[in-house]
Amino acid sequence: MTKVVILDSDEKILASVINHTGAEHRRLANKVMEEALEQAGLSFDEISCVIATGYGRITVPFADRQITELTCHARGVSSFFPDVTLAIDIGGQDVKGLKIKDGRLLDFTISDKCAAGTGRFLEIIADALGIKLEDLGDISLKSSNKVSISSTCTVFARQEVISRLSEGTPLEDIVAGIHDAIASRVARMVERLRVGPDILFTGGVAKNIGVVRALEANLGCEVLVPEEPLLSGAIGAALLGKEITLKALANGESIRKGERRLDEATFFK
Amino acid sequence: MIELLELCGFEKQEIEAELPRIEKAFNRLGITTEDIERGKQRLNKYYDVELKGIRKVFRLCVREVVSAVLAREEGKKKIIYGFMAPGWEIIGSALVSKSSEVYAANLSWAFQVVLGCVFGKIVPILEAAEKKWLKAGVVTHCANVKTFLGLIVSESVPRPDMLITSGSLCETAPKTLDLLHELYGIPVCCYDTCQDRELSDYLDGTKRAIDMSAKSLRRLTERIQEVVGFEITNDMLREVMDARGGLDRGIRNIRRLIENSDPLPIRAANDNLWTILNMLTLSIDDLPDAIDATNTAYAELQERVDKGLGVVEKGAPRILAMLFAQHADPRLEHLAGELGIAIVASDIGLAVPYDGATEDPYVEISMYLRGSLSTSLPRRIPLIVEGCKRLKVDGVLDRFHAGCRFVSGDAPLLKDAIEKEIGIPVLLLEWENFDPRIYKHEEYKRRLEVFKTMMVKKPA
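Sequence lines, in order, name chains A and X.
One point on numbering: in my numbering, the residue at position 228 of the first sequence is 228, and numbering is uninterrupted.
Converting from the second sequence to my numbering requires adding 269 to each position, the first position being numbered 1.
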């Protein structure tokens with residue numbers, strides 16, 4: 001997903017846009033920026049600093065700076081919950097664990113070798129089960145006897161799910177088993193980063209209440225979820241943009257590279 | 270080919286004389302015209318070949334590879350390969366100094382430089398080993414062992430008359446060599462270096478362990494004497510050790526200069542070359558060339574330092590990298606440099622020799638084996654922590670060789686200790702120090718970029 005957040009100088013969110021990321025990153029960046037500006041009622045020239053983050057950050061043609069998504073996540077997470085010391089972000093591409101102190105990233109772990117446990121994994125499982133992705137959470141909460149899904153590989157887990165279905169296992173028990181498989185894997189992954197009880201869960205998968213509950217069970221504590229878990233990185237980027245702007249102003253410098261324009265751009269340009 | 274050899278430090282006259290041998294050896298190794306072109310590009314891209322000293326190291330590596338491939342047909346009557354056998358390079362140097370009919374080498378290192386780093390073509394050798402018992406896939410077998418096995422089973426090098434190893438650093442090496450003995454009847458000698466001690470003994474570096482290694486090394490020499498048919502005297506070893514002292518000092522001087530310079534005066538991938546240079550079983554006649562390479566490089570680097578020239582910006586985050594630079598693929602070190610991270614040292618540069626002196630060469634080699642790099646974690650941790658403080662690094666790249674029990678288990682413990690003692694970030698990176706196939710550019714780039722932001726930058 002591609003997200004845009006526009007903050008004002010008081011750190012109030014003026015606009016936020018979330019859209020599906022396609023192949024043409026540059027064109028999409030322009031499109032979502034246009035939407036965000038319209039929502040905020042601003043012209044592009046009124047934006048003091050544009051920070052791009054995430055996988056596609058180098059393909060945002062109008063960005064003033066690029067900052068890694070983990071740094072942005074750490075900053076964003078701390079703005080919601082200053083006491084949080086561990087953030088778990090499960091997005092479409094990967095799973096991240098962030099150890100944070102005072103908004104600063106101290107350590108991290110990333111699972112980006114395979115799709116297991118990611119949002120994409122859940123999409124594939126939902127497709128195999130013939131249900132909507134957004135329904136997975138509520139369905140799993142009805143389970144009274146979750147099954148054990150042994151495969152951590154997306155393809156093998158899908159086979160296992162289909163096999164369970166053919167055995168007549170109730171849908172909710174399969175979905176709960178899938179959520180537990182993700183949660184136990186993530187809990188092991190972030191174990192080394194844990195220093196306290198305050199744990200925040202962000203990313204698209206944090207919208208799935210079933211995974212939230214499974215994470216709580218595996219971590220043995222409550223897991224906090226922000227109001228809009230998809231935006232923590234974008235909010236962090238905007239906050240860092242504000243800091244950069246203030247620093248530049250204090251030094252009498254400009255961070256803008258020139259006139260702000262949303263040029264028509266394609267994947268190939 | 271000639272351009273490539275010039276980049277590798279060969280002089281015109283030597284090229285004329287050596288070209289037929291080199292071409293024959295490269296043909297045997299399957300090096301094509303495309304490989305030569307790629308080799309030139311890689312040398313220019315990843316290494317500081319504008320420095321004569323660097324080119325001279327490549328020259329010695331190419332010479333070693335050519336000599337290994339052609340050893341049998343060039344009349345070597347006895348061929349001995351050592352593998353994961355620290356200290357063997359001294360005995361090997363003594364052997365090749367004494368007799369032109371003997372070829373002795375630490376087999377894999379020079380091949381990793383030439384086939385891996387230069388030509389980007391080590392994979393066929395690894396695959397040859399994987400077709401035998403070091404299968405790819407489920408179990409992570411060390412690609413250094415695969416390189417050694419692959420070179421032999423692919424017949425890239427002649428079958429040896431003797432194989433030498435130890436359990437000092439690696440338990441897979443003796444097992445692999447034992448299998449080679451079982452399959453091909455090649456005599457194997459594994460000298461004992463006594464790793465199986467009480468943990469408390471490590472802290473003392475016991476005399477008992479040193480005596481045992483020395484005794485085992487003497488037995489090794491007796492076995493070698495039976496194979497080569499001449500005596501290896503203490504004087505021969507002492508002569509080699511004295512000559513190699515100049516090489517050790519040259520390498521140490523370069524490492525100290527790099528560690529203490531800001532900006533970093535040379536790309537980090539070059540660090541591998543100093544490690545390899547020290548592993549070559551150079552004869553007394555060849556050692557001056559190696560020492561000259563280090564002295565030349567030192568002078569050239571000093572000039573860069575004096576002029577304030579660097580390969581990354583002054584004030585760039587300084588890091589210590591665990592493990593030497595990748596032996597067969599310079600891309601990770603290159604990536605770090607591109608991202609503005611200065612790898613100023615690897616833990617090999619923190620090596621502390623065993624504290625003691627002796628006239629007995631075997632005891633001295635054994636003392637070397639008790640040095641900091643081949644010792645236990647309780648002893649290594651304080652050395653590394655102190656090293657970090659001395660080097661004033663901003664972070665540690667703890668790449669752990671996943672196929673190695675000796676180092677992979679240490680990684681999280683080392684990370685905890687460094688973070689607790691110094692409070693600098695440590696990036697754990699699952700790693701293979703000899704296999705280029707594991708390189709995942711995006712994954713590493715992402716981690717290194719984040720790691721860079723975690724390090725507190727010093728003002729330039």
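Hints listed in this document are in silico derivations from the structure and should not be mistaken for laboratory results.
Note that this is a predicted model, so its numbers are computed, not measured.
One thing to keep in mind: the hints can contain errors.
Stated by the list, open to error - Taking lysine-lysine pairs in the DSS-like style, the calculated list, with each CA pair at most 25 Å apart, reads:
(1) A/Lys99 / X/Lys309
(2) A/Lys113 / X/Lys709
(3) X/Lys684 / A/Lys113
Quiz item: Going through the earlier hints one by one, which of them does the structure break, listed in rising order?
Solution: 1
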